[in-house]
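Participant: Sequence:
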Amino acid sequence: MATIWIFNSTSASGHKPAIGGQVSNLSKNTLCLRNPWVSDSVFMGKLYCTMTLSLIIGLYPNLFDGEFLDYFKSNPILMSGFTLAPFTFLPFLIYRIYFIKRLSSFCFNRSTQKIYYQRLSKVLVFEWANTGGGIFKRTEYGGSSFTTSYALAFAPRREDGSLHQKDCLWVDSNEPTEPGVKHVAEVWEYLRHFMDHGPNKLPPPGEPNWWHKPLHAICLTPAEAWRHYAPWRTGEPGEMQGKKNWQLPFWAVLFPYNLSVAICWYGICRLFNVRAAPPPPEAFEEAPAHSTQRKRT
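First residue of the sequence shown? That's 1 in the working numbering, and the numbers climb one at a time after it.
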């Protein structure tokens with residue numbers, strides 16, 4: 001992972017402002033962006049949930065098999081191992097749930113000219129005038145190959161004026177897999193224009209990424225999951241991004257798996273009350289009005 005710092009909050013980058021599904025809320029004075037760490041935690045949480053469920057299905061039937069049951073009774077340690085094995089990923093699942101409930105979105109307040117973000121029990125506040133931006137390049141292993149994605153990083157300058165990756169927050173660019181400055185600079189210009197002039201002259205956010213809907217929603221209800229994963233078009237907004245004619249057979253094959261995982265994850269979210277962390281209250285405060293009345297002498 002590397003960051004190239006090239007953006008300044010006081011000067012234009014030369015690109016037109018544009019943004020897509022990164023926006024979670026937009027008002028006259030506040031712009032909230034989705035936290036990629038939350039989406040990543042939702043994805044990993046569903047993965048751990050799937051692995052736990054698969055181990056339960058694969059191992060537990062053997063516990064009730066006559067031949068194995070007698071052997072397990074004579075070896076309590078082995079029986080305990082088989083019983084607890086499916087819960088190997090439970091600590092990782094709890095860790096991800098903790099992140100989902102404790103990491104807020106990134107809130108830009110043009111009234112106070114500050115950026116607010118709650119990380120666990122701490123509220124981070126960046127002064128916009130002291131914030132720099134850059135291109136954040138990430139290379140990750142996806143199971144079969146390495147993929148490179150690009151994002152917008154922003155961080156406060158230190159006392160010596162330098163910017164450091166360990167201080168930064170980041171959001172996806174408009175085209176995360178496309179290299180170059182353009183798609184990252186569009187997001188930066190959107191933020192810069194909002195903080196300087198407000199949302200009135202900005203283009204509306206683009207269509208959200210339909211593939212990411214289950215991640216942005218934290219969890220889908222069974223009815224929403226049925227609609228999203230059904231191997232036919234249901235009229236869901238943006239579904240043509242992933243349900244073209246040639247893709248429908250793949251959805252049919254994956255439908256039982258997708259629906260089962262979605263329902264299992266929904267149950268986990270209901271059980272542990274998993275929901276997105278609200279933005280810090282400070283993010284919606286307005287700067288105090290300056291009095292124009294002269295003091296009496």
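The set of hints was computed from the structure by calculation and includes no laboratory data.
Wrong hints could be hidden among the right ones.
Computed spacing ranges between beta-carbons, pair by pair [unchecked claim]: (1) Thr88 x Thr234: 42 to 48 Å; (2) Asp40 x Ile6: 24 to 30 Å; (3) Ser80 x Pro249: 41 to 47 Å; (4) Tyr257 x Thr177: 33 to 39 Å.
All C-beta atoms in this analysis are idealised placements derived from N, C-alpha and C, irrespective of residue type, glycine included.
Participant: Any hints from earlier that this structure breaks? Give me their numbers in increasing order, please.
Facilitator: 1, 4
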